[in-house]
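Could you put the whole structure together from the sequences, leaning on the hints where they help?
Keeping their order, the protein sequence lines are chains W and X.
For the first sequence, the positions run 41 to 707 when this note's numbering is used.
For the second sequence, the positions run 202 to 539 when this note's numbering is used.
Hints listed in this document are in silico derivations from the structure and should not be mistaken for laboratory results.
Nothing false has been slipped in among the hints.
Once the Cα atoms are required to be at most 27 Å apart in a straight line, the calculated DSS-like pairs of lysine-lysine come out as:
#, chain 1, residue 1, chain 2, residue 2
1, W, Lys533, W, Lys388
2, W, Lys395, W, Lys406
3, X, Lys535, W, Lys58
4, W, Lys422, W, Lys517
5, W, Lys220, X, Lys204
6, W, Lys492, W, Lys450
7, W, Lys493, W, Lys450
8, W, Lys298, W, Lys326
9, W, Lys422, W, Lys365
10, W, Lys224, X, Lys535
11, W, Lys361, W, Lys396
12, W, Lys220, X, Lys535
Covered stretches of chain X (in silico footprint by chain W; criterion: 3 or more residues with CB under 8 Å from a CB of chain W, positions within the stretch not fixed):
#, region
13, 416-430
14, 526-532
Yeah, the Cβ is synthetic: ideal placement off N, Cα and C, and Gly gets one too.
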Amino acid sequence: MARSDPANADRFRTVFSKWAGRVRRRLALGVVLTGAAAGLALGAGAAAGAWKLRQGAVRPWTAAAGLVGAAAGAIVARRRRWNDTEVALFLDGRLGANEAVATAVDLGQQQEKVAGSAKGAKGESAIERAAAKKAGGASEGAAGEAGSGAAREAGERESDPSENPGYFVVLGQATEALSKATGKQVRTRVLRPWHALVPVAAGAIAYLSWIPLPAAPPGPAVPPGAEQVKLAEVKGLEKVIALAEMNARDEAQRERLKKLAEEARKLQQKLKEGVEKREAQADLAKIKDGLMAERMSLGEGEERAGLETALSKMAENPDLKDAAKALGDRDLTSFDEEMQKLANKMEKEDRERAKKTLEEAAEAAKKAGAGNVAKALEEQKKRLEQQGAQGDALKELAKELGEGLSDEAKEALKDMEKSGSPEAQRKLAEKLDEALKKLTPDERKRLAEKMKKQAGQMDPGEMGEGPSKEELEDLAKKLESEEGMKELEEQLKEMAKESQSGDGQREQGLEDAEKGLGEAEQQLGVPMPGPGQGQGQGDGKQGQGQGQGDGKPGKDGKGGPGNGDGKDSKEPATPGHSDGGGPGDHKGQTGVVDGKGVNARADAKVNKGRPMPGITMGRTQGRAGETANTRGTGALGDAAPSEIGGVDRSVVPEEYREQLGRYFQPK
Amino acid sequence: MDKFEHKLSLARETSTKLKEAIGQVIVGQSEVVEQTLWGILAGGHVLLEGAPGLGKTLLVRTIAGCLDLQFSRIQFTPDLMPSDVTGTNILVTAADGSRHFQLHKGPIFGQVILADEINRATPKTQSALLEAMQEHACTIAGKRHAMEEPFFVLATENPIEMEGTYPLPEAQLDRFLLKVIVPSPNEDEMTEILNRTTGRERGEPTRVLSREEVLEMRALCRDVAIAEPILRYASRLVRASDPASQGAPEMVRRALRFGAGVRGGQSLVLGAKAVAMLDGRAHVAFSDVQRVAKPVLRHRLIRSFEGEADGITTDQVIASLIESVPTRPEGVEKALSK
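As structure tokens, this is what we get:
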């Protein structure tokens, strides 16, 4: 077929359509892939975000972004679809056809336009008409063509291009170029570097969908102690409430104790209804402060000078040194014990001297305006006298019984004579009671006579070792009759009981109340380890909380090992506690305070556990050694103005400041 | 074989013969000969510029000799009058004694006009060529006289001698389809020239083309097809040569005062068609447009003071235009470049 054959028009269209379709498809594929890559990249980002935000179910669906991207790419490809001219120019460029294809397409488009507007030419294609014209015009001379050349040029783009004698030649050249083309020659580039995102992003989405979600972020931190506490029964507070009924030193103290009891009652009510833990802790701390203040109230304030004068007086008698120290420490229970020890082990003369000293101390205290101190000292003087007499009688009775005593009684007697301890006295009284019950009437009679005889040998008011003449006579008289015997047994039973002074009883009550507060704090959640109670050491991770274990008492009644597993508890693990170093398994441990590292208060490690006497663990500020904050009048003399508050300014950890304050307390 | 295709083939053969015939006289200068042929076949006038003694006049005489056309030569001098070019009516006494005016045609009434050293004449005389060049007709004493086709002017000018010359006005320059720069011959060419011109004189060149053949080739040239994208490219090139247009490259803005106009665009397309025809193609390619761009546009671009001061030639500007104006749409260019 000749290159200029009119059939070339159809052939050109066929060949051109083939290559144009291929070019367009590849171009569209490239854009679709770009869209898919962009979509998948965004999807991977979204999957990462979903993973981060723990939206597990969303992750696989982010792959749909790739499909959306591909669809968008298809739309863009459709909108940017190359027209025939653009494809022809591309093919010309690739085939080196010198724009033959583009010219053929352009002329074909013009021909289509003309054919469309030629309404009269029904059923006859433009190509056919052109071929007919061409056949008819073949004989035209060159001159004639030349003459019409300019006119044709002017109207060429509006006229039928098939009238152009070169049209079919162009078609032939273009067809020939396209026919010789290979797929490789006209291949457009489909894959671009960014298309690598398709597998990468798809893989990323798959991976992000596969891996487990990250751990949930911690929720907003609850302020410490903000949790609600609800306790139906707080037994420890009952001991504080009981203070309202306690025998007070004076009216002011009664009012204070009533107030403390009322606060405890209110707190108990709050806990029943539910209250924030920190509020309950603050209330407990406040009550504890009140109790502490009450325990330290003897000789405080205006009576301070009187107390210190009395202590100075007592210190003049070496026998009363320990008692004076106990009084100075406001440890009235110890003060009672010390006085009873003195009563038990002192000779009469010494007791008289001690009584005199106490009398002088009481007088000095009274003069200095410390009425309560004076009253306490006078009471101790009476108790010294009374207990001394009782002790003598016990010892005498024990001696008189001689071999009738059990070994335990003998040991108790020995211990009482040696240490004068109230424990030994009580034990001796108990054993004597048992021994007396075992005596036959004849033995009692002989014992009474023996005692009478011994009393007869003594002068009235004689001072010396053992009981007085009157005491012996009284004892003998009791042994003689059944009623006296019963009275004696009652006396011995009373002596077997613990005896305390009024202040001692108050001190004991306050201490009980303080212990009750400790129990209440423990119930509230503040760890309060005590003897026989250990706390297990948790093995959980930080922040996930480990619970408290139940400590078992050791064999000797001392602290046993903590045994907490605490896996499920929400409370943080706390160190265990062991008391006394008994034979128990001491697995619990107390946090070590490194003495070398107490340079800064902020770094000081506070041991959790039962607070030391005089320290406040609540939200109120702890009180440092008070004596160092006031002008002292004791042995150390007046404190210089710069020394006042020195303890507070020191680097000593807060929990040690009170001891330090006491150490520097003026004597 | 199709007739058109045959004509194309014939035109190519003829042009080859023509170039060979010219080559018998003119040594080298193949590009000059080629470009001159473009101008003749496209139906335009050609301005040849070159230093004296490079064979410009000889070239034109040779071309004229190869064409079976009426040749006229006008040697432009400063005292040349327009009537010396166009001709004039002279009073003639008839045999019966009566007198009447008779037109004495000037050298313009030829078919191949050699306007030698055209810039030596005054603008008044130069402008005598205007009508003839544009309309292929000449009005003398109110009477219009058509030129016999084919009619084309081949002018030469000397760029060196400025004294006593009158640079062609822009309007007249624009009427030349092409401005061909005649370069100096290289050593081989010079040797051959010396050999040929210093021996026995050779005869006249062979006549290769008849008047009809020239006209037919001109018609054939106009029948060469050109696609719209190529027309648009030509338009973009021309528009970009205007420093006031938006798409003008930086060099155009800097070095030019005025760009080419519509006539420049027409010349570009016609020249490209001639190139395509002589290449044996029935259609124009982008490369054809680029190939004729320099001879078509170089005398149509008016340099600015800055351009002249910087020594920027119009050829450099055209090169930058070709480089900066894209041939195809951006997407196609991208696809082709990858």
